[in-house]
Amino acid sequence: MPTLQQKPVSARVRNAPPGGMALLKRTLFSEYFTLVLCVTYFVVMLPFSPALGTPTVIKNIFSEMIPLLAVAIGQTFILILGEIDLSVTSTIALASVFGASIMTSNGGYLANQPAAVPVGLMAFLLVGLGVGFLNGASITYLGMPSFLVTLTTRMLFSGIAIWYTTFHTRLSSISGLPQSFLWIGQGEWNGIPYSMAGVALLAVVAHLAMTRTVFGRWLYAIGINRQTARVSGVPVERVVILAFMISGFCAALCSILYTGRLQTGTPILGERILLDVIGAVVIGGTSLFGGKGKVSWTVFGVLFLVLVDTTLRLLGSSLFTIFMVKGVVILMASVMDALRNRLFAER
Amino acid sequence: MALLEAKGLTKSFYGVTVLHGVDLAIEPGEVLGLVGENGSGKSTSMNILGGVLQPDGGSMTLGGVPYAPRDPRDASRAGISFIHQELNLFPNLTVEENLYLDGFPFRFPFLPFIDRRRIRQRTKALLAEVDLPASPATPVSSLSPGERQMVEIAKALSGQARLIIFDEPTTSLTSREIERLFALISKLRARRIGMIYISHILHDVLRLCDHVLVLRDGALVGSDRAANMTPERMVTLMVGRTMEQMFPPRFEKPSATPPVLELRSVSQPGVVKNISLVVHRSEVVGVAGLLGSGRTELARIIFGLAPRQTGTILVEGRELARSPREVMQAGVAFLTEDRRLEGTLGSASIAHNLALPAVESYAGTGTGVLDSARLHAAVSGMARSVQLKASDIERQPINALSGGNQQKVVLGKWLMRSPKVLILDEPTRGIDVGAKYEIYRIINDLAAQGAAILVISSEIEELIGLSDRILVMCHGEFSAEFNKATFDPEEILRAAMKKPVHSSP
Numbered sequence: 001m002p003t004l005q006q007k008p009v010s011a012r013v014r015n016a017p018p019g020g021m022a023l024l025k026r027t028l029f030s031e032y033f034t035l036v037l038c039v040t041y042f043v044v045m046l047p048f049s050p051a052l053g054t055p056t057v058i059k060n061i062f063s064e065m066i067p068l069l070a071v072a073i074g075q076t077f078i079l080i081l082g083e084i085d086l087s088v089t090s091t092i093a094l095a096s097v098f099g100a101s102i103m104t105s106n107g108g109y110l111a112n113q114p115a116a117v118p119v120g121l122m123a124f125l126l127v128g129l130g131v132g133f134l135n136g137a138s139i140t141y142l143g144m145p146s147f148l149v150t151l152t153t154r155m156l157f158s159g160i161a162i163w164y165t166t167f168h169t170r171l172s173s174i175s176g177l178p179q180s181f182l183w184i185g186q187g188e189w190n191g192i193p194y195s196m197a198g199v200a201l202l203a204v205v206a207h208l209a210m211t212r213t214v215f216g217r218w219l220y221a222i223g224i225n226r227q228t229a230r231v232s233g234v235p236v237e238r239v240v241i242l243a244f245m246i247s248g249f250c251a252a253l254c255s256i257l258y259t260g261r262l263q264t265g266t267p268i269l270g271e272r273i274l275l276d277v278i279g280a281v282v283i284g285g286t287s288l289f290g291g292k293g294k295v296s297w298t299v300f301g302v303l304f305l306v307l308v309d310t311t312l313r314l315l316g317s318s319l320f321t322i323f324m325v326k327g328v329v330i331l332m333a334s335v336m337d338a339l340r341n342r343l344f345a346e347r
Numbered sequence: 001m002a003l004l005e006a007k008g009l010t011k012s013f014y015g016v017t018v019l020h021g022v023d024l025a026i027e028p029g030e031v032l033g034l035v036g037e038n039g040s041g042k043s044t045s046m047n048i049l050g051g052v053l054q055p056d057g058g059s060m061t062l063g064g065v066p067y068a069p070r071d072p073r074d075a076s077r078a079g080i081s082f083i084h085q086e087l088n089l090f091p092n093l094t095v096e097e098n099l100y101l102d103g104f105p106f107r108f109p110f111l112p113f114i115d116r117r118r119i120r121q122r123t124k125a126l127l128a129e130v131d132l133p134a135s136p137a138t139p140v141s142s143l144s145p146g147e148r149q150m151v152e153i154a155k156a157l158s159g160q161a162r163l164i165i166f167d168e169p170t171t172s173l174t175s176r177e178i179e180r181l182f183a184l185i186s187k188l189r190a191r192r193i194g195m196i197y198i199s200h201i202l203h204d205v206l207r208l209c210d211h212v213l214v215l216r217d218g219a220l221v222g223s224d225r226a227a228n229m230t231p232e233r234m235v236t237l238m239v240g241r242t243m244e245q246m247f248p249p250r251f252e253k254p255s256a257t258p259p260v261l262e263l264r265s266v267s268q269p270g271v272v273k274n275i276s277l278v279v280h281r282s283e284v285v286g287v288a289g290l291l292g293s294g295r296t297e298l299a300r301i302i303f304g305l306a307p308r309q310t311g312t313i314l315v316e317g318r319e320l321a322r323s324p325r326e327v328m329q330a331g332v333a334f335l336t337e338d339r340r341l342e343g344t345l346g347s348a349s350i351a352h353n354l355a356l357p358a359v360e361s362y363a364g365t366g367t368g369v370l371d372s373a374r375l376h377a378a379v380s381g382m383a384r385s386v387q388l389k390a391s392d393i394e395r396q397p398i399n400a401l402s403g404g405n406q407q408k409v410v411l412g413k414w415l416m417r418s419p420k421v422l423i424l425d426e427p428t429r430g431i432d433v434g435a436k437y438e439i440y441r442i443i444n445d446l447a448a449q450g451a452a453i454l455v456i457s458s459e460i461e462e463l464i465g466l467s468d469r470i471l472v473m474c475h476g477e478f479s480a481e482f483n484k485a486t487f488d489p490e491e492i493l494r495a496a497m498k499k500p501v502h503s504s505p
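Chains A and B supply the protein sequences, listed in that same order. Read in order, the letters of the first sequence correspond to residues 1 to 347 in this note's numbering. Read in order, the letters of the second sequence correspond to residues 1 to 505 in this note's numbering.
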């Protein structure tokens, strides 16, 4: 399958003599730039915090990555379209309390019934798909910019999540979740967590959807030139709505994992990860300008962000230091995105 | 001494020469008329005078000193003002703000406070000069197109213009506004300001101008005093030579079977009026008309990209839906006028571009999973059959191709669907002669295979070379129809330029 991204420039660069500028360009435009960055960072940081190499820390890095990766994969679809989904965190929160309110043994709708967990899981996913549909429909049929729509739904749904919680508990979160639900987030098979297998499957399916399906062709086409896509018979509205529903679905999966880990449905779940999600996708190399992006890049982007986070915490940095460093890293990534686009335009 | 003199201006875009050594001279207080078909080089030469483009060769002098503007600012500082077809005012700002946008006078030295009083007085004086009875504080959005034009002229005067270029200034004006514009032009002439007047309305050109230049294919083909010109002579000069061996021969005769495409009194207020037409199997119908005559709008209405208020459109007897996707599924293909904005996915590969409209037919039903091998075979086959010159269609982005090859890709992507109806809007714009021939050949082949084809073009020769019938559009209506036997470039141009109601003397 052809890859649509970056080929032109890397092909041109390949022909150039390998001078300093050409080498810089080749590195900048490489498919695996972020992976190289991750490895370099790991090797450089290892002497400063030797714990980074221990199995516990490595396992911890993976376990931190998994839920983040789920949302980031959804966001990748959105950025390829040239849109943005800021509502993912409130989707996580709303799904968490809605699902928990069904399953909890403290007065849940299906407390202690065998159907509780399957119905609860469905509830998570329905919230995600519903929010995604609402976002997508507002953007396409009302012609509103996705930034505004999802900024608004983000506030709306996080409000609703807190309000909804007050009907079910006097505490700030809904606890008493059934054991079989917690097992989804915590269970392992031969040392491989179920959650990891699940998100890996999600990544593979997302990758195939982008590269091997009609939907994928349409997705990139809309991101590159929406008007050409429309004139060429691409059902633009349908694709945009579907992409937002995918993003909502992925946020709901993330919510299942986080809720299982915390063992409670929490209306402020995931509140802080919004910039991490978008940052990770952009660090991977997916363009904020649309038309360019890959699941594998997003995997590398999430890995890099979690690596930075972990090393800083191992070094005993305070929260504000971590925020500052991550802020700079994400800023650099978007500068590079703009730079790549500029170089591309100058062809 | 001439106010402005240009010698041997040449310009090419992407290896296509669009200006072959154009000379012109204009005296102070003279109005120079410039006429020619679309694509004859009028805009390119004026853009060079106005500093928008740099010439590849040739030289200019302004008032005897060499003149080589690097950008429009340079040109306006030298005293050359360009009044564009689409006006360049900010509708959200007031008249005075628009006039002083590129240099507000300050109230105090070194402090960025605008001296409103001074601006107001100057603006009042300028508006009086152009006879516009409006307050300087009026927002431009509340002015009519004619009044906006007066503001543009006032802006030119505020910059001490010595030469003003008018590009199709009357297209959006009412007849009273046109009279006011003409009166103002006479007034400016008395002030020794030189003017260049570009228009398709030949009567206006003859009435206003002292001297007329005729351009064709980027070269000057006629230059004479307006007194010696007639509309007939200008049209003959504009259309020019006889048909050369530019068009591949056609063998297929259109069949007399029921029409493939049929329009029944399609109307959209202000755009097209009561349009009816039929196109049969293997028939190529040309649509001629000036810019703004409604020819492009008609194509967009058929393809569902623009609304229509009344009328029916049928393909093989079945009524067309109104969304591009459904129209496409009914067997219609549409090659748009603007390749970059609506025809190509710039950074995507040639293969992705070619596959886009037909991609669904290479996927498993229900899953949407592509059969890559089959798709690749089909796409490479299409690249070969349109004789695309590209190194690697799966990797090379369409951006990297020449205009002609890009157009072959856009044409090829529609051929992937084997359309029953193909609408082509300016299929050879910005394309060199060799690629043109190949595109004509592809169009002929498609007609031979039974497609019904509608070609819109501002090049009348192209329409004559390709079509079985030509319909001429003027002010949103068909003003004439020609059959192969009666094709006559001068008659077609005359029908397209039918004197509009407003410029009755």
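Since the hints were made in silico from the structure, they are not lab data. Beta carbons are placed, not taken as given, at the ideal position from N, Cα and C, and that holds for glycine. Please note: incorrect hints may appear among the correct ones.
A few chain B residues that face chain A, going by a derived Cβ cut-off under 7 Å, partial list only [to be verified]:
id, residue
1, G146
2, R325
3, A348
4, E360
5, V369
Here are a few chain B residues that sit away from chain A, every Cβ distance over 10 Å (derived from the structure) [unchecked claim]:
id, residue
6, A2
7, S12
8, M60
9, G63
10, V140
11, D210
12, P248
13, A256
14, E342
15, T344
16, T367
17, K413
18, K436
19, G450
20, E461
Requested in this report: Compute the least Cβ-Cβ separation between T367 of chain B and chain A, then decide whether it is above 10 Å.
Outcome: 7 Å, violated
Query raised in the report: Is the Cβ of K436 of chain B farther than 10 Å from every Cβ of chain A?
Result: The claim holds: K436 of chain B sits with its nearest Cβ about 23 Å from chain A, beyond 10 Å.
Query raised in the report: Just checking, A256 of chain B versus chain A, shortest CB gap more than 10 Å?
Result: Holds, because the least Cβ-Cβ distance between A256 of chain B and chain A comes to about 31 Å, which exceeds 10 Å.
Query raised in the report: Would S12 of chain B pass as off the interface with chain A, using Cβ distances and a cut of 10 Å?
Result: Per Cβ check, S12 of chain B is outside 10 Å of chain A; nearest 20 Å; holds.
Query - Check on T344 of chain B being off the interface with chain A, judged by Cβ distance over 10 Å - result: Violated: least Cβ distance 6 Å, not greater than 10 Å.
Query raised in the report: Taking 10 Å as the cut and beta carbons as the points, is E461 of chain B off the interface with chain A?
Result: At about 27 Å from chain A, E461 of chain B clears the 10 Å cut-off, so the statement holds.
Report task. Hey, is D210 of chain B genuinely clear of chain A, shortest beta carbon separation above 10 Å? Result -> Holds, because the least Cβ-Cβ distance between D210 of chain B and chain A comes to about 44 Å, which exceeds 10 Å.
Query raised in the report: In terms of Cβ atoms, is chain A entirely out of 10 Å range of E342 of chain B?
Result: Contrary to the label, E342 of chain B does not stay out of reach of chain A, its closest Cβ about 5 Å off (not over 10 Å).
Query raised in the report: Hint check: is the beta carbon of A348 of chain B less than 7 Å from a beta carbon of chain A?
Result: Holds, because the Cβ-Cβ distance from A348 of chain B to chain A comes to roughly 5 Å (cut-off 7 Å).
**Report entry** Separation of V140 of chain B from chain A, once the least beta-carbon distance is taken, above 10 Å
**Finding:** 26 Å, holds
Query raised in the report: Any Cβ of chain A at or closer than 10 Å to K413 of chain B, or is the non-interface label fine?
Result: Given a closest Cβ separation of 7 Å, the condition is violated.
Report task. With 10 Å as the threshold, tell me whether A2 of chain B passes as away from chain A on beta-carbon distances. Result -> With a cut-off of 10 Å, A2 of chain B remains clear of chain A, as the shortest Cβ separation is near 40 Å.
The earlier numbered hints that this structure contradicts are 1, 14, 15, 16, 17.
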